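> Work out the full structure: start from the sequences and follow the hints.
There are 2 protein chains.
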Amino acid sequence: MSSKALDYESLNENVKKVQYAVRGELYLRASELEKEGKKIIFTNVGNPHALGQKPLTFPRQVVALCQAPFLLDDSNVSLLFPADAIARAKHYLSYTSGGLGAYSDSRGLLEIRKEVADFIGRRDGYPSDPELIYLTDGASKGVMQLLNAIIRGEGDGILVPVPQYPLYSAAIALFGGSFVPYYLEETANWGLSAADLGQSVAQARAKGITVRAMVIINPGNPTGQCLSEANLRDVLQFCYQENLVLLGDEVYQQNIYQDERPFISAKKVLMDMGGPISRELQLVSFHTVSKGYWGECGQRGGYFEMTNIPSRSVEEIYKVASISLSPNVPAQIFMGLMVNPPKPGDISYDQFVRESKGILESLRRRARIMTDGFNSCMNVVCNFTEGAMYSFPQIRLPPRAIEDAKKAGKAADVFYCLKLLEATGISTVPGSGFGQKEGVFHLRTTILPAEEDMLEIMESFKKFNNEFMEQYEDHPGYPRM
Amino acid sequence: MSSKALDYESLNENVKKVQYAVRGELYLRASELEKEGKKIIFTNVGNPHALGQKPLTFPRQVVALCQAPFLLDDSNVSLLFPADAIARAKHYLSYTSGGLGAYSDSRGLLEIRKEVADFIGRRDGYPSDPELIYLTDGASKGVMQLLNAIIRGEGDGILVPVPQYPLYSAAIALFGGSFVPYYLEETANWGLSAADLGQSVAQARAKGITVRAMVIINPGNPTGQCLSEANLRDVLQFCYQENLVLLGDEVYQQNIYQDERPFISAKKVLMDMGGPISRELQLVSFHTVSKGYWGECGQRGGYFEMTNIPSRSVEEIYKVASISLSPNVPAQIFMGLMVNPPKPGDISYDQFVRESKGILESLRRRARIMTDGFNSCMNVVCNFTEGAMYSFPQIRLPPRAIEDAKKAGKAADVFYCLKLLEATGISTVPGSGFGQKEGVFHLRTTILPAEEDMLEIMESFKKFNNEFMEQYEDHPGYPRM
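Protein chains in written order, with UniProt numbering: chain A, 1 to 481; chain B, 1 to 481.
Read the hints as simulated data drawn from the structure, not as lab findings.
Since the model is a prediction, treat every value here as computed from it, not as a measurement.
As the list makes no split between identical chains, a pair holds if one copy fits it or if it spans any two.
Only pairs whose alpha carbons sit at most 20 Å apart, straight line, appear in this in silico EDC-like list of lysine to aspartate or glutamate:
1) Lys462 x Glu422
2) Lys16 x Glu316
3) Lys39 x Glu25
4) Lys319 x Glu25
5) Lys90 x Glu111
6) Lys16 x Glu315
7) Lys16 x Glu154
Put into structure tokens, the structure is as follows:
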């Protein structure tokens with residue numbers, strides 16, 4: 001009998017081609033070890049609450065009340081909830097036709113989209129149109145919707161930074177497009193250069209690939225760099241000249257750990273440029289409730305804003321979003337709260353500021369502890385995490401370690417990360433999952449372990465690393481650092 | 001300059017091919033009229049809470065507490081929440097690593113999947129494996145994941161009932177596959193026959209299409225029929241013989257309005273059959289928190305269970321699910337509650353039973369009122385809604401109405417439904433959105449408007465319909481019913 005449709009050999013080849021290292025071999029092994037009783041520190045994915053970050057109180061109060069609207073009629077409600085949370089819950093419920101249990105419009109609730117537009121307007125100093133803002137079940141879903149609309153087949157290329165967050169390579173593979181890498185320069189603090197971009201596009205063209213869009217991740221994942229205004233201008237100019245859609249992954253815009261380069265959105269830079277480019281360049285920008293000091297990953301809330309996209313295409317994207325009826329409504333409320341947090345004078349304002357500032361300041365300290373920790377290790381160098389939630393140290397593996405990895409049938413960085421996991425319980429992602437230059441090895445960790453555990457984790461890492469290096473370092477031809 | 005990637009003409013053609021009538025022309029026009037201040041009765045989509053159905057109290061209490069876990073430490077919590085809701089919230093929070101704000105495993109929380117497996121085991125009398133149950137953001141997302149894994153290109157066909165819920169035609173178009181219709185027989189109460197199925201497959205093969213999977217919707221959407229055990233056996237036998245995966249859309253399994261044919265799952269019938277078919281036939285079954293007496297559409301919770309799918313394919317589906325990291329966690333809790341509702345003796349049991357029974361009994365009465373109402377109208381015939389949430393009357397349009405529609409550039413059923421909307425505010429979906437035999441016209445409404453409004457709505461419909469028919473009926477050649 002011929003094979004069945006869900007036998008492995010007869011599955012959609014694009015599905016099989018997908019690779020997704022963040023939940024790949026290392027994660028699966030870590031999950032196994034955890035089942036066996038080993039204490040695992042999951043730093044494979046930016047999942048702050050899983051590592052002990054507490055949710056912000058006010059938004060949770062509001063969403064709890066929206067889930068249980070009958071509490072609003074209970075005279076005891078004020079014993080458990082502050083008046084501004086009660087008022088805000090009523091406010092959001094008034095946006096819905098039937099509360100959190102009713103499908104919203106497939107683009108999300110109009111009134112929340114208006115709040116998002118107001119937020120963007122305040123942030124950038126340029127008006128934003130709620131009809132061009134779509135709410136999504138997390139930013140990843142939005143990115144996938146856009147890539148699905150853009151990619152027609154393997155002749156269509158998407159320019160993606162390397163190292164990259166593997167959502168992009170995975171989604172491009174799933175939709176049958178071509179991944180076109182542009183390399184970030186580690187020695188230039190993971191910067192990008194327009195000349196390199198041009199070369200990447202030229203190489204793709206030589207292979208018969210039409211590059212259709214370019215992705216930037218700002219702040220960078222896994223690399224942590226923050227793009228300067230000048231850098232963004234170069235990117236926009238390049239996209240304009242090469243006729244590319246720019247996809248701006250800006251989910252880490254609240255996660256900034258230095259003062260030299262505050263976050264600036266691609267939309268603002270584009271509007272500041274004025275002239276034809278500001279009216280013609282197609283830009284889609286993504287945001288989320290999963291990152292920042294919110295970290296509400298499990299709620300799955302995001303949005304994208306479309307700039308200079310023709311209305312007929314906007315309608316097509318709406319139509320496809322309609323197939324799954326509506327993004328989840330509770331996360332839409334979180335998005336409303338994120339773009340419209342408590343204001344000075346509100347009952348909950350002080351607590352909200354205390355909580356959110358506490359998280360951000362601690363992240364900033366943790367970014368520093370982690371970078372310094374890695375840089376104190378043998379054969380490890382690491383750029384400072386300027387933003388986002390990750391550290392991406394380069395691990396200079398001795399040739400004998402590379403050989404042993406080969407014998408074990410593993411990529412060298414996978415080999416190293418597996419040994420790290422077994423020895424310390426630290427679950428990282430090998431750099432090859434994000435893309436690497438030939439012969440260069442990295443790993444990615446989040447900076448999210450609790451601050452009080454951080455020194456100990458870095459000590460544990462250092463002990464493992466240095467023993468590993470010493471074990472393999474006795475090869476005479478290998479230079480000691 | 002050549003067109004840009006997000007210009008309409010250069011979009012992915014599969015995106016453009018998608019049609020989704022449930023949120024199509026009628027819905028858009030209804031939304032416009034609502035903005036202009038007209039009172040609209042949205043019966044275009046099965047969205048119970050939007051039409052006034054109240055959420056079940058106990059699950060909402062539990063999820064509210066999970067959203068605001070700090071309440072569990074507040075001594076006043078018992079003034080607002082019963083002890084069993086408090087206990088259940090603690091129970092579900094213990095399943096998570098970091099509460100609702102943390103990503104879960106991409107398949108959903110293991111402990112919830114175990115609760116689902118227990119539910120399926122109790123329902124069917126056969127064990128179910130939590131490793132083969134994946135939680136999803138609503139059942140639609142699960143259906144799309146499976147179709148995406150199955151469809152490799154336009155040579156791959158999916159057998160879908162007509163009339164069908166347009167999720168199927170839309171997703172098949174999006175993934176570039178071929179839609180292979182099999183017609184349900186309206187005069188046989190929307191039954192299906194194995195002979196017709198064979199003919200559909202033969203016709204597809206003649207066009208060079210390999211039929212890879214078959215969809216059943218039981219109870220039917222939009223048609224409302226409940227499949228008998230014998231019918232299901234025929235379908236399973238047919239799929240086995242033709243080497244098809246069976247996709248069983250069973251989201252309406254709680255919505256049954258007659259006693260002759262209670263819901264029976266495809267999984268149970270398959271297991272009852274025993275022998276090689278029960279160990280070989282590839283079956284995927286879908287369920288949701290959006291339907292039943294829950295109606296929690298806006299939460300976006302669902303699951304699918306895989307039977308006889310090779311583990312390597314199960315892993316591939318896991319990998320693709322991982323790209324979007326995790327289904328939303330609050331809806332996973334709703335799923336846990338749905339498969340594990342309060343038990344006799346629990347504090348909240350009586351209230352839960354009162355609420356859920358009240359909803360189901362009212363839906364049963366509404367199904368009857370609606371069918372009777374349609375059947376009392378001129379040129380309208382309607383099968384009884386045995387299950388699900390819809391009524392799907394046939395509208396026998398006079399030839400002059402069909403001509404006028406043609407002049408207006410509209411399909412005849414769209415023409416009728418638009419006039420109905422303008423005259424009464426009742427927002428339906430034209431039957432052509434679900435598929436029609438040539439020259440036959442229907443509309444779909446939900447049976448969800450509040451029971452106390454139902455008679456009035458049906459009166460309003462009848463008045464419009466009979467005037468419409470009288471206006472067009474003076475054509476001498478057309479037989480009066």
